[in-house]
Amino acid sequence: MSEPPPSNVPQDDPELVAVREALDDLRREIQLRFRRSERASSGLPVVEDLFQELRRRVATLGMSERSGEVDEFGMDEVVVRRARGVLDFLFDRYWRVDLAGIGQLPAEGPVLLVANRSGLLPYDGLMLAHCVERFRGELGRPRFTVADWLITLPFAQPYLARLGGVRACRENVERLLRAGHSVAVFPEGVKGAAKVFRQRYRLQRFGRGGVIRVAIECGIPLVPVGIVGAEEAHPILFKWIPPGRPLPFVPVTPTFPWLGPLGMLPLPSKWVIRVGSPVDLSDLGRDAARDELLMSRLTEDLRAEIQALVDLGLSERQSVWG
Numbered sequence: 001m002s003e004p005p006p007s008n009v010p011q012d013d014p015e016l017v018a019v020r021e022a023l024d025d026l027r028r029e030i031q032l033r034f035r036r037s038e039r040a041s042s043g044l045p046v047v048e049d050l051f052q053e054l055r056r057r058v059a060t061l062g063m064s065e066r067s068g069e070v071d072e073f074g075m076d077e078v079v080v081r082r083a084r085g086v087l088d089f090l091f092d093r094y095w096r097v098d099l100a101g102i103g104q105l106p107a108e109g110p111v112l113l114v115a116n117r118s119g120l121l122p123y124d125g126l127m128l129a130h131c132v133e134r135f136r137g138e139l140g141r142p143r144f145t146v147a148d149w150l151i152t153l154p155f156a157q158p159y160l161a162r163l164g165g166v167r168a169c170r171e172n173v174e175r176l177l178r179a180g181h182s183v184a185v186f187p188e189g190v191k192g193a194a195k196v197f198r199q200r201y202r203l204q205r206f207g208r209g210g211v212i213r214v215a216i217e218c219g220i221p222l223v224p225v226g227i228v229g230a231e232e233a234h235p236i237l238f239k240w241i242p243p244g245r246p247l248p249f250v251p252v253t254p255t256f257p258w259l260g261p262l263g264m265l266p267l268p269s270k271w272v273i274r275v276g277s278p279v280d281l282s283d284l285g286r287d288a289a290r291d292e293l294l295m296s297r298l299t300e301d302l303r304a305e306i307q308a309l310v311d312l313g314l315s316e317r318q319s320v321w322g
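First residue of the sequence shown: 1, per this note's numbering; consecutive thereafter.
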């Protein structure tokens with residue numbers, strides 16, 4: 001039987017309460033470990049423990065739950081550091097990216113990078129974020145937006161988030177920009193990612209000026225970017241809409257589904273990334289964001305500028321395979 005605490009110590013003293021809670025936690029942990037030890041020594045299979053561990057590893061693709069600095073959007077510095085070797089290989093050897101205009105980025109961030117959407121999987125966002133971090137490290141690593149249907153997949157979401165991918169919505173973009181992070185956005189959305197091969201590099205409609213409004217309200221310069229090559233990495237021949245619609249559609253490419261899981265590997269197409277001149281909209285004032293006609297015109301101007309960068313990249317590329 002434990003001795004009562006001294007009468008001169010108040011029962012609600014914060015330090016005493018903290019000590020009691022710590023002792024209670026320690027007692028529970030010791031009891032739990034003894035139970036596990038007894039179960040293991042008895043020869044009975046610890047099925048529940050194994051199942052819970054397997055479920056955790058499958059849900060996170062085998063990644064540890066705790067790592068380095070993980071921000072509120074889930075980007076993990078340790079995972080990014082480990083992925084740099086693979087991203088360098090993709091940039092230098094596999095896709096042989098021809099990058100131009102990166103020196104036009106402002107001397108300090110944040111900036112809003114606006115690019116054409118190229119392909120279903122976000123290789124374009126990964127490569128754009130990687131090249132900015134690699135060649136303009138003072139600006140930090142930009143985050144890149146990912147479509148809703150992809151960011152919610154159980155196997156894709158954890159890893160994309162740890163590499164800097166965020167769900168494509170205005171609220172996320174604004175929060176990141178106001179926190180000082182550059183962001184790469186793709187206003188075409190699913191319409192751009194789902195283009196079949198015959199429609200490649202024809203920019204789709206950008207929507208209702210959300211990108212322009214964010215730039216004006218946050219006082220952030222826009223930087224148009226044209227990406228060529230990603231659409232040939234997974235060329236969509238046609239789209240099959242499955243019954244029940246678990247996904248928007250199933251893409252049929254030259255390698256998928258014919259080669260099974262191997263068909264998910266991207267093809268070694270030649271890439272060209274062209275960064276345009278920053279567009280400063282700060283002189284318009286915040287009230288300009290409510291002018292629908294002005295937003296529509298500025299959005300079309302931005303779309304035309306990105307299309308021109310894409311056309312320039314296509315003209316400079318000798319062939320699909322470099």
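Careful: at least some of the hints might be erroneous.
[Unchecked claim] Okay, the calculated beta carbon distance ranges per label pair:
1. F197 <-> S296: 28 to 34 Å
2. L259 <-> L284: 49 to 55 Å
3. E174 <-> G85: 28 to 34 Å
4. G180 <-> D92: 36 to 42 Å
5. G180 <-> S296: 54 to 60 Å
6. R28 <-> R208: 21 to 27 Å
7. F238 <-> R96: 48 to 54 Å
8. E108 <-> D24: 27 to 33 Å
9. S277 <-> G210: 41 to 47 Å
[Unchecked claim] In silico DMTMM-like pairs for lysine to aspartate or glutamate, Cα to Cα no more than 20 Å straight-line:
10. K270 <-> D148
11. K191 <-> D148
12. K191 <-> D24
13. K191 <-> D98
14. K270 <-> E300
15. K191 <-> D88
Just so you know, the hints here were simulated from the structure itself, not pulled from any lab data.
Don't be surprised by glycine CBs; every beta carbon is placed ideally from N, CA and C.
So, going through the hints one by one against the coordinates:
1. F197 <-> S296: 28 to 34 Å: Because 30 Å falls inside the window, the suggested range holds.
2. L259 <-> L284: 49 to 55 Å: With Cβ atoms ~51 Å apart, the hint holds.
3. E174 <-> G85: 28 to 34 Å: Given about 33 Å between the Cβ atoms, the range holds.
4. G180 <-> D92: 36 to 42 Å: Check failed, 29 Å falls outside 36 to 42 Å.
5. G180 <-> S296: 54 to 60 Å: 30 Å, violated
6. R28 <-> R208: 21 to 27 Å: Because 55 Å falls outside the window, the suggested range is violated.
7. F238 <-> R96: 48 to 54 Å: 28 Å, violated
8. E108 <-> D24: 27 to 33 Å: 50 Å, violated
9. S277 <-> G210: 41 to 47 Å: The hint (41 to 47 Å, Cβ to Cβ) is violated, given that S277 and G210 are roughly 22 Å apart.
10. K270 <-> D148: The hint is violated at about 28 Å.
11. K191 <-> D148: 13 Å, holds
12. K191 <-> D24: This hinted pair is violated, its Cα atoms lying about 56 Å apart.
13. K191 <-> D98: 26 Å, violated
14. K270 <-> E300: 28 Å, violated
15. K191 <-> D88: 29 Å, violated
Of the hints listed earlier, those the structure fails to meet are numbers 4, 5, 6, 7, 8, 9, 10, 12, 13, 14, 15, in rising order.
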